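Number of protein chains: 2
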Amino acid sequence: MENFIFQSPTQFVFGRATEEQVGALVKAHGGTKVLLVYGQGSVVRSGLIDRVRRSLSKAEIPFVEMGQVMPNPTDEKVYEGIDLCRREGADFLLPVGGGSVIDCAKAIAAGVPYDGDFWDFFEGKTIPTALPVGVVLTIPAAGSEGSGNSVITKAALQKKISIRAPHVLRPRFAVMNPELTFTLPPYQTACGVVDMMAHIQERYFNNTPATQVTDCLSEALLRTIAELAPKVMAVPDDYDARANLEWCGTLAHNGLCGVGVAEDWASHAMEHELSALYGVAHGAGLAVVFPAWLTWMAHHNPRKVKQWAENVWHVDSSGLTELETCLEGISRYKDFLHSIGMPTTLGELGIENPDISLLSSRLHEHKGPTVGTYVPLGPADSREIYQLAQG
Amino acid sequence: MENFIFQSPTQFVFGRATEEQVGALVKAHGGTKVLLVYGQGSVVRSGLIDRVRRSLSKAEIPFVEMGQVMPNPTDEKVYEGIDLCRREGADFLLPVGGGSVIDCAKAIAAGVPYDGDFWDFFEGKTIPTALPVGVVLTIPAAGSEGSGNSVITKAALQKKISIRAPHVLRPRFAVMNPELTFTLPPYQTACGVVDMMAHIQERYFNNTPATQVTDCLSEALLRTIAELAPKVMAVPDDYDARANLEWCGTLAHNGLCGVGVAEDWASHAMEHELSALYGVAHGAGLAVVFPAWLTWMAHHNPRKVKQWAENVWHVDSSGLTELETCLEGISRYKDFLHSIGMPTTLGELGIENPDISLLSSRLHEHKGPTVGTYVPLGPADSREIYQLAQG
Chain S
1 MENFIFQSPT
11 QFVFGRATEE
21 QVGALVKAHG
31 GTKVLLVYGQ
41 GSVVRSGLID
51 RVRRSLSKAE
61 IPFVEMGQVM
71 PNPTDEKVYE
81 GIDLCRREGA
91 DFLLPVGGGS
101 VIDCAKAIAA
111 GVPYDGDFWD
121 FFEGKTIPTA
131 LPVGVVLTIP
141 AAGSEGSGNS
151 VITKAALQKK
161 ISIRAPHVLR
171 PRFAVMNPEL
181 TFTLPPYQTA
191 CGVVDMMAHI
201 QERYFNNTPA
211 TQVTDCLSEA
221 LLRTIAELAP
231 KVMAVPDDYD
241 ARANLEWCGT
251 LAHNGLCGVG
261 VAEDWASHAM
271 EHELSALYGV
281 AHGAGLAVVF
291 PAWLTWMAHH
301 NPRKVKQWAE
311 NVWHVDSSGL
321 TELETCLEGI
331 SRYKDFLHSI
341 GMPTTLGELG
351 IENPDISLLS
361 SRLHEHKGPT
371 VGTYVPLGPA
381 DSREIYQLAQ
391 G
Chain P
1001 MENFIFQSPT
1011 QFVFGRATEE
1021 QVGALVKAHG
1031 GTKVLLVYGQ
1041 GSVVRSGLID
1051 RVRRSLSKAE
1061 IPFVEMGQVM
1071 PNPTDEKVYE
1081 GIDLCRREGA
1091 DFLLPVGGGS
1101 VIDCAKAIAA
1111 GVPYDGDFWD
1121 FFEGKTIPTA
1131 LPVGVVLTIP
1141 AAGSEGSGNS
1151 VITKAALQKK
1161 ISIRAPHVLR
1171 PRFAVMNPEL
1181 TFTLPPYQTA
1191 CGVVDMMAHI
1201 QERYFNNTPA
1211 TQVTDCLSEA
1221 LLRTIAELAP
1231 KVMAVPDDYD
1241 ARANLEWCGT
1251 LAHNGLCGVG
1261 VAEDWASHAM
1271 EHELSALYGV
1281 AHGAGLAVVF
1291 PAWLTWMAHH
1301 NPRKVKQWAE
1311 NVWHVDSSGL
1321 TELETCLEGI
1331 SRYKDFLHSI
1341 GMPTTLGELG
1351 IENPDISLLS
1361 SRLHEHKGPT
1371 VGTYVPLGPA
1381 DSREIYQLAQ
1391 G
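So the sequence lines, in the order shown, correspond to chains S and P. Read in order, the letters of the first sequence correspond to residues 1 to 391 in the working numbering. Read in order, the letters of the second sequence correspond to residues 1001 to 1391 in the working numbering.
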């Protein structure tokens, strides 16, 4: 186990009707004027935004609004939010939505007190400070409600970049009412399932010795997600299944599953290139990239893949070679992904003729000569994995 | 799953040599003068207190000291610390030790800014504010480094009372170097193992429906503790086993295992009466009380006991009745406790003629007509469980 620091300061306010507390929470966390940030209208149509407005008014917190944040939010939307915040004197960001809306709000929060261009942070400058952010979560997947991360796409360059600054970007509170997820379309629910499993797996596949606690928690969460996913797909308003799944999504990404290990994140980086070039949903892209990455790893560094096959997918390895055990686990993972309606090949994702050279060259241009740590991938390796993703 | 709030704001700074950061951490968390609190000398003899003093001096943080905090710390020691803090103008508590030292420091931290008698808090008054506390942990067991709890014994009344005030009593940081636990005597190591398992079990045994995530994490931690304990008993300086076990102890009690459930805590309450009357070590007392409590529950509310037997102790329930499955799990738990040198009966604990009526009457005097929630225990029930603890 490596030395680590763990801290999960976000106040998770979880359960039925918790969105009615949002005004009091903003006040308790020091906000005096709010920028309400949301997406393309489902939260308006459902009446949620109205309930949030009423809660803010009841707590006598004035607010301004910015809607129309798109999936894979762009720098342009962040500039718009920064201008609006400054013009109106808002001192608290309140995203109502999923990862895209939250990530956009985090970038705005960092940009407002900064003299230069906020994109500096995404180019590697540290983030000295940011406005506080509170969250009303409607899509459990990205884990952004409990993380200090933000992912923004530079529109002009089709360049999707992720930053991590837990000391300033981690939300102060996150309101999580599982009922708000009942109306998610099945495809989006399934994408969320893939994403939360991926967040655990990006940390789980490491070479750090003696990580029993982190391993056992990660495996337990992965098994539980795999058990819960068919339930929410079958019965979208199953409160208990939705609630347990939503909490898994937070624990997948609040740092718990990464303590004391060297994390990988190559699959996320490879997927970001797919999203940026072909505009696919992040979760669906991961459903294609991760099995390919695992197949490659089964041949190049099977240790943890075998453990994952046995402890998550219940593969009985007696009588099987190490490679066979790994491949059987990957096969069950793919069956699971198919069962919730996810693609597992680039073709199934709708990308018939992927430009693998371009994907790989952009990957290394953005991430450097090698990507990931479980096996650091050079350009030849990442090309092989994109090829495996063709099925 | 019930509505809940989860927050784990303590900054856990975990790993080798982390005690050298303590001065910088006090400074980062706003301390300007420290009261260093410790026990009966092992931290002095090991040289740890000297390293902590050097780190404080290097960060130019002045400090005063209070040693000789005993196991099961008393109100008298808390008064001494409050006086010293006020007289010297210390504004930051730095306990170096295990649960007793940390709990004593927390009570001092709450008492210093309070005009009245700090014991008010232990009699049920809320705690409006407290000085900040940072921890250097040397005994992983109590979980106090990540909790907002404190347990103090009123010496004149032999009365041991526990309070919970996460919003003010939770440590700002906890320095956790597993190497500091290498020299723990085997008995104390084993007591710690029992205590951390008990912290999980007090939460795990509940009647809340649909708690899959919390259950799966709790079972995973219990299994892992049971696997690690023999390793640290056999090889006290096995860094990786000590590190994993220490982290389990924190997660057992930082709230993670209690989200969304109605917790029980009857066994802790029953053990506190044993400690107060007979002066036994808390962990050893729990090793006696918990199997008796479980045996009683196997007959009165077996659902979760059966699940625990199957998922923690790997009992194959095919061909067994529910009761047999429960009892087989309890039998394996007792075997495990014996294997690490713990008693499982009052006799083995050295209490040959327990005053069961007195134990039970004091329990209900302190905790009310019923204790616990899994099955609320009345006086006749608690007497039966103390009787079962005789073996």
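Because the hints were derived from the structure by calculation, they are not lab data. Note that the coordinates shown come from a computational prediction; the quantities given were computed from them, not determined experimentally. Among the hints, a few may not be true.
[Said to hold, decoys possible] Each pair of labels, with its calculated beta carbon distance range: (1) Q40(S) / H1167(P): 55 to 61 Å; (2) Q40(S) / P1128(P): 53 to 59 Å; (3) P230(S) / H1167(P): 46 to 52 Å; (4) P1128(P) / G116(S): 58 to 64 Å; (5) G1030(P) / P128(S): 53 to 59 Å; (6) S162(S) / G1041(P): 27 to 33 Å; (7) Y1114(P) / D50(S): 42 to 48 Å; (8) G1341(P) / E2(S): 41 to 47 Å; (9) V235(S) / N1003(P): 18 to 24 Å.
Glycine included, every Cβ here is placed at the ideal spot set by N, Cα and C.
Against the structure, the hints:
Separated by about 38 Å at the C-beta atoms, Q40(S) and H1167(P) break the suggested range of 55 to 61 Å. For Q40(S) and P1128(P), the Cβ-Cβ distance of about 45 Å falls outside the hinted range of 53 to 59 Å, so the restraint is violated. Between P230(S) and H1167(P) the beta carbons are some 39 Å apart, a value that contradicts the proposed interval 46 to 52 Å. As the Cβ distance of P1128(P) to G116(S) is approximately 42 Å, the hint placing it in 58 to 64 Å is violated.
Distance hint check for G1030(P) and P128(S): the Cβ-Cβ separation is about 18 Å, which falls outside the suggested range of 53 to 59 Å. As the Cβ distance of S162(S) to G1041(P) is approximately 50 Å, the hint placing it in 27 to 33 Å is violated. Distance hint for Y1114(P) and D50(S): a CB-CB separation of about 44 Å, consistent with the stated range 42 to 48 Å. At about 31 Å, the CB distance of G1341(P) to E2(S) disagrees with the hint of 41 to 47 Å.
Distance hint for V235(S) and N1003(P): a CB-CB separation of about 21 Å, consistent with the stated range 18 to 24 Å.
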